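Trainee: For the sequence shown, position 16 matches number 20 in the working numbering, and the numbering has no gaps at all.
Hints are not guaranteed to be accurate.
[As the list claims (entries may be wrong)] Heads up, simulated DMTMM-like pairs for lysine to aspartate or glutamate below, C-alpha to C-alpha not over 25 Å straight-line: (1) Lys260 - Asp247; (2) Lys130 - Asp152; (3) Lys130 - Glu215.
[Claimed, not checked] The following label-pair restraints were derived from C-beta to C-beta distances: (4) Trp112 - Glu154: 56 to 66 Å; (5) Gly87 - Gln107: 12 to 22 Å; (6) Asp75 - Ala122: 32 to 42 Å; (7) Pro128 - Asn180: 17 to 27 Å; (8) Lys260 - Ser283: 32 to 42 Å.
Derived by calculation from the structure, the hints in this document are not laboratory data.
Please read these numbers as outputs of a predicted model, since none were measured by experiment.
By construction, the Cβ of each residue, glycine as well, lies at the ideal position given by its N, Cα and C atoms.
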Amino acid sequence: MRPEHRDRTRTRRQRRTEDLGLQPALTSLRAGLTGPSAPAKHHEKDASAVTYKTERAITVGDITISVRTSDCTTLDLDVSTTGQVIVRGPRHTTEAQATGLVQRRRRWIYQQLARIAATTPNNPIKFLDTGEVFAVLGRPHRLRIVPDAEQTEPITRHQHPEMGDWLHMRHATVTNLHIARRTLINFYAKTAEDWLKIIRPRIAAFTSKTEIPLTSSTRLRTTRAHYHPTRGLTLHWATAQLDEPTLHELIHRALKLHTVTDTRQLDHALRNLWLGNLSTPSKHLLGKQPSSDSTCPDGSAPPTETALSFEHVHVKPVHTGTVAPSHRKATER
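Make a model of the complete structure from these sequences and hints.
Mentor: Here is the structure:
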């Protein structure tokens, strides 16, 4: 709309109001609502409307409680997956109220803490040094740091009936802790997928689908085995450390089939899996590469190419599906 048209419209409206005699009434009505000389209002924040969140720690018996207050209206009690006991309540929650709730729910709190302690992985530490033992499908494999010129793959697996099983890792891989961890995780994931391909007919016999997807997960925060009707069966990479009977039992649990072994034994094996916690390599490994004629810590000669049957594993990232979380937070109201 053109400016002159807007001015002409406003003048026409004012003229119509004056002709009808409504201007005095409108003026008095406007003065009664806002006042004849009402100053401009400045909208300030009301302090009572601001949400304040506080957190303090109290001790009830032998339990340390974290009391968190906010604008909520109810008082509840949580036990996190890390074993922290949390009381949530309104801003005016007192220590006596929080203590009373904890004392009333003391038995439930101890039950949740016992469940978390029984299901939390031990997460052992592995050392990147020659002689460290890594389990592969239930068989112990000793680690050997080899010169870079001896092999091109980051890690290779060697099996011999008399000299035992070995994992050979290049020196360049060991010097970087992140690369060494990722190399071992991908190696276990590849081992798990190869094992799943071997037992695919047995898994298909337990399900209604013949072409069930079988994958392994390289995520650390996942369940050890998960079955989805469309995404198939997924194993955590760390399960490749278990022996085959335990893996079969784990798959039975994921498929909700009958169990033939003690479930406590399976839970104990799952809690003691190595989950990728590596220590810093030794300083002498970072300085120079080991020679091909170096001996092992137990004094035995290192395995040779002519004495061993090699299984070369080319490590690649493994794409996985979605896997459910391992623990859920317990809540009591």
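Trainee: Just tell me: holds or violated, for the beta carbon distance of Trp112 and Glu154 against 56 to 66 Å?
Mentor: For Glu154 against Trp112, whose Cβ atoms are near 58 Å apart, the range 56 to 66 Å holds.
Trainee: Check the hint pairing Lys130 with Glu215 against an upper bound of 25 Å on the C-alpha distance.
Mentor: Status violated; Cα separation ~37 Å.
Trainee: Confirm or reject the claim that Pro128 and Asn180 have a C-beta distance inside 17 to 27 Å.
Mentor: This hint holds: roughly 21 Å between Cβ atoms.
Trainee: Is the Cα-Cα distance between Lys130 and Asp152 25 Å or less?
Mentor: Judged against 25 Å, a Cα distance of about 22 Å means the pair holds.
Trainee: Straight-line Cα separation of Lys260 and Asp247 no greater than 25 Å?
Mentor: 20 Å, holds
Trainee: Given the hint of 12 to 22 Å, is the C-beta distance from Gly87 to Gln107 inside that range or not?
Mentor: Roughly 19 Å apart at Cβ, these two residues keep to the hinted range, so it holds.
Trainee: Is 32 to 42 Å respected by the C-beta to C-beta distance linking Lys260 and Ser283?
Mentor: 39 Å, holds
Trainee: Has the hinted range 32 to 42 Å been met by the Cβ atoms of Asp75 and Ala122?
Mentor: 36 Å, holds
Violated hint for the displayed structure: number 3, the only one.
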